[in-house]
Amino acid sequence: MSQTLLARTTAADRGPRLSSAKRAETAATVLLLALLIVAPTFVSRSTVNDLGQAVCLGLFAISFNLLFKYSGLLSFGHAAFFGFAAYAEALLLQSWPGLPLPLLVVGTVLSTAILGLLLGQVCVRRSGAYFSMTTLTIGAFFYAVAFKWQGVTGGTDGLDSFMPQNLLLLPRWSLDNPGTAQTYWLILAILIPAALAAWALLEWTPWGNAVVAVRSNEKRAAFLGYDTHGVKLANFVLSAALAGVAGALWAIDNGFVSTDSVDLSFSTTVIIVALLGGSGWFWGPMVGAVIYIAVSDRLSALTPHWQIFLGLAFVGIVLFAPRGLAGLVQSIWQRVLTRRGRQNV
Amino acid sequence: MSELPTLHLSRIAKSFGSGPVLQDVNLSLQSGERRGLIGPNGAGKTTLINIITGGLAPDSGDVFFQGQRITGLSPYRRNRIGIGRSFQILSLFGEMTVRENLRNALLRHRGLHVLPWRAAARLAPIEDEVAQAAELVGLGDVLKARVDTLPYGMQRRLDIALVLAQEPALVVLDEPAAGLSGAETRDLIDLLQTRLGDRTLLLVEHDMDVVYSLSDRITVLDYGRVLAEGSPAEISANSDVRRVYLGEDAA
Numbered sequence: 001m002s003q004t005l006l007a008r009t010t011a012a013d014r015g016p017r018l019s020s021a022k023r024a025e026t027a028a029t030v031l032l033l034a035l036l037i038v039a040p041t042f043v044s045r046s047t048v049n050d051l052g053q054a055v056c057l058g059l060f061a062i063s064f065n066l067l068f069k070y071s072g073l074l075s076f077g078h079a080a081f082f083g084f085a086a087y088a089e090a091l092l093l094q095s096w097p098g099l100p101l102p103l104l105v106v107g108t109v110l111s112t113a114i115l116g117l118l119l120g121q122v123c124v125r126r127s128g129a130y131f132s133m134t135t136l137t138i139g140a141f142f143y144a145v146a147f148k149w150q151g152v153t154g155g156t157d158g159l160d161s162f163m164p165q166n167l168l169l170l171p172r173w174s175l176d177n178p179g180t181a182q183t184y185w186l187i188l189a190i191l192i193p194a195a196l197a198a199w200a201l202l203e204w205t206p207w208g209n210a211v212v213a214v215r216s217n218e219k220r221a222a223f224l225g226y227d228t229h230g231v232k233l234a235n236f237v238l239s240a241a242l243a244g245v246a247g248a249l250w251a252i253d254n255g256f257v258s259t260d261s262v263d264l265s266f267s268t269t270v271i272i273v274a275l276l277g278g279s280g281w282f283w284g285p286m287v288g289a290v291i292y293i294a295v296s297d298r299l300s301a302l303t304p305h306w307q308i309f310l311g312l313a314f315v316g317i318v319l320f321a322p323r324g325l326a327g328l329v330q331s332i333w334q335r336v337l338t339r340r341g342r343q344n345v
Numbered sequence: 001m002s003e004l005p006t007l008h009l010s011r012i013a014k015s016f017g018s019g020p021v022l023q024d025v026n027l028s029l030q031s032g033e034r035r036g037l038i039g040p041n042g043a044g045k046t047t048l049i050n051i052i053t054g055g056l057a058p059d060s061g062d063v064f065f066q067g068q069r070i071t072g073l074s075p076y077r078r079n080r081i082g083i084g085r086s087f088q089i090l091s092l093f094g095e096m097t098v099r100e101n102l103r104n105a106l107l108r109h110r111g112l113h114v115l116p117w118r119a120a121a122r123l124a125p126i127e128d129e130v131a132q133a134a135e136l137v138g139l140g141d142v143l144k145a146r147v148d149t150l151p152y153g154m155q156r157r158l159d160i161a162l163v164l165a166q167e168p169a170l171v172v173l174d175e176p177a178a179g180l181s182g183a184e185t186r187d188l189i190d191l192l193q194t195r196l197g198d199r200t201l202l203l204v205e206h207d208m209d210v211v212y213s214l215s216d217r218i219t220v221l222d223y224g225r226v227l228a229e230g231s232p233a234e235i236s237a238n239s240d241v242r243r244v245y246l247g248e249d250a251a
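Protein chains in written order, with full-length UniProt numbering: chain C, 1 to 345; chain W, 1 to 251.
Think of the hints as simulated: they come from the structure by calculation, not from any bench. Note that the Cβ used here is the ideal one computed from N, Cα and C, for glycine as well. Just to be clear, a hint being listed does not mean it is correct.
Result set (DSS-like, lysine-lysine): computed pairs, CA atoms no more than 30 Å apart in a straight line [claimed, not checked]:
| id | chain 1 | residue 1 | chain 2 | residue 2 |
| --- | --- | --- | --- | --- |
| 1 | C | K22 | W | K144 |
| 2 | C | K148 | W | K144 |
| 3 | C | K148 | C | K22 |
Okay, the calculated bits of chain C under chain W, using three or more residues with CB under 8 Å as the criterion [what the hints assert, rightly or not]:
| id | region |
| --- | --- |
| 4 | 217 to 225 |
| 5 | 317 to 327 |
Based on the sequences and whatever the hints tell you, model everything.
Here it is in structure tokens:
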């Protein structure tokens with residue numbers, strides 16, 4: 001009996017069949033997270049390294065989708081937050097090498113959230129193309145800073161030898177070799193709670209209800225007493241903070257930070273990843289990231305022009321499975337269920 | 001009854017590019033009063049409603065609600081102090097169910113709308129209130145229906161239910177009978193007569209049956225000015241009003 005009454009009646013609203021869909025969605029969430037946790041035990045060492053990248057990219061794509069799915073806002077510059085966090089963490093560590101890892105991550109995420117609060121004030125005043133253009137400009141600005149401000153960011157060389165020294169209560173071996181299963185699990189230990197908290201917040205609480213109400217009809221929501229600007233801003237800050245978690249973990253996993261993490265093309269990659277996996281499901285972007293990394297890895301081994309094929313695949317997804325791979329699986333599953341239901345009748 | 005008027009407009013003026021829309025409009029609604037606001041198309045009625053509920057700022061003049069100056073207040077703040085409004089062109093949460101629409105109104109009204117944690121005990125009464133609010137406007141059987149699949153008349157009822165669910169002191173209705181059939185309009189009049197209680201009403205409406213049935217007093221706007229104000233009997237007898245408005249209707 002852990003479900004709230006609100007959640008139960010919301011599910012009931014959508015009829016018994018869709019209520020089972022909500023249950024299926026929760027089951028799929030548990031399955032996905034369980035798969036991510038046990039994955040290193042049955043894949044190769046290099047795949048574990050890829051997995052670490054994939055889950056960080058996945059969390060980043062989830063943070064993008066927080067704005068896209070729940071607030072209807074398409075950010076073209078989301079890598080600004082991801083990259084800011086990665087650099088902020090590296091710089092924090094340069095200044096205080098002994099900073100315990102949990103404090104390091106919390107400090108990084110907090111500073112990214114504050115950045116989100118400042119930039120969000122400007123961004124969420126407009127929606128549609130204006131929002132996208134504003135975020136694109138911000139993304140370009142942060143890339144330029146990372147590229148040009150060599151004294152701080154290291155320019156194109158980036159910042160390396162990135163290694164938290166003080167793990168506090170965590171065992172020393174967990175970070176000794178970046179890209180190993182130990183590092184991967186350490187990352188998941190922070191990543192999964194962060195993502196689960198955001199999921200619970202948006203899918204199961206009145207707050208999530210408010211965010212969706214504002215997206216659904218901003219004018220009416222305002223005249224019903226919703227501070228629509230505040231709601232969108234808060235969701236923007238949450239999205240920035242989550243991108244910050246992703247960037248912080250990505251830097252730990254990589255052991256270095258470069259301009260790739262703030263590049264505008266990275267902002268578009270995350271859109272592709274989110275839509276590939278399916279923006280309609282909270283965890284869809286995580287699925288998208290795992291597939292994106294797996295496919296681009298295989299393709300890039302085959303041909304230097306792998307991005308062309310990836311682009312074609314993306315166009316195919318948008319045309320033939322607009323709800324992404326998660327949506328595709330869901331509709332197939334639905335079809336199986338109704339067919340089975342018909343046989344039972 | 002309190003001495004302060006529920007709504008008081010003082011010398012409201014508003015111009016758009018093409019010229020003045022409202023000039024020197026004064027209006028006072030006593031607590032519990034039901035006021036009809038009529039006038040030909042383009043008289044400035046919807047502009048005035050937007051100035052009252054917060055969608056628009058007047059060029060000059062002030063809006064007072066229960067003695068408090070609210071001229072610069074945003075729509076959501078005006079809602080929270082007790083002003084509820086409906087819309088001439090329906091504005092609902094179309095892809096949500098009736099239940100979800102009413103829940104949006106009631107969670108906000110009870111101040112539970114930003115709860116970032118589960119609080120089942122505090123949310124349980126909301127579901128009862130949602131059901132009651134739907135029952136009041138005859139939508140108790142369609143709680144689970146998606147709103148944009150409902151017949152237009154039902155959507156109109158939901159629009160009013162969203163307003164009434166929040167128990168505002170001032171109810172502002174912008175052409176609630178627009179697009180309704182004769183029978184639906186009579187149902188609407190019944191509904192408002194029984195459910196408004198002692199709330200103050202400002203009603204913009206073209207259907208004179210609705211206006212006469214519900215209003216204690218009527219204000220007539222013409223070319224952005226108050227042309228006349230009085231009881232329904234006085235207004236229907238007023239020769240100026242008959243000429244610019246009712247006469248047109250009869251012709």
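*State the violated hints by number, sorted upward, taking the hints as numbered earlier in the document.*
The structure conflicts with hints 2, 3, 5, although it agrees with all the remaining ones.
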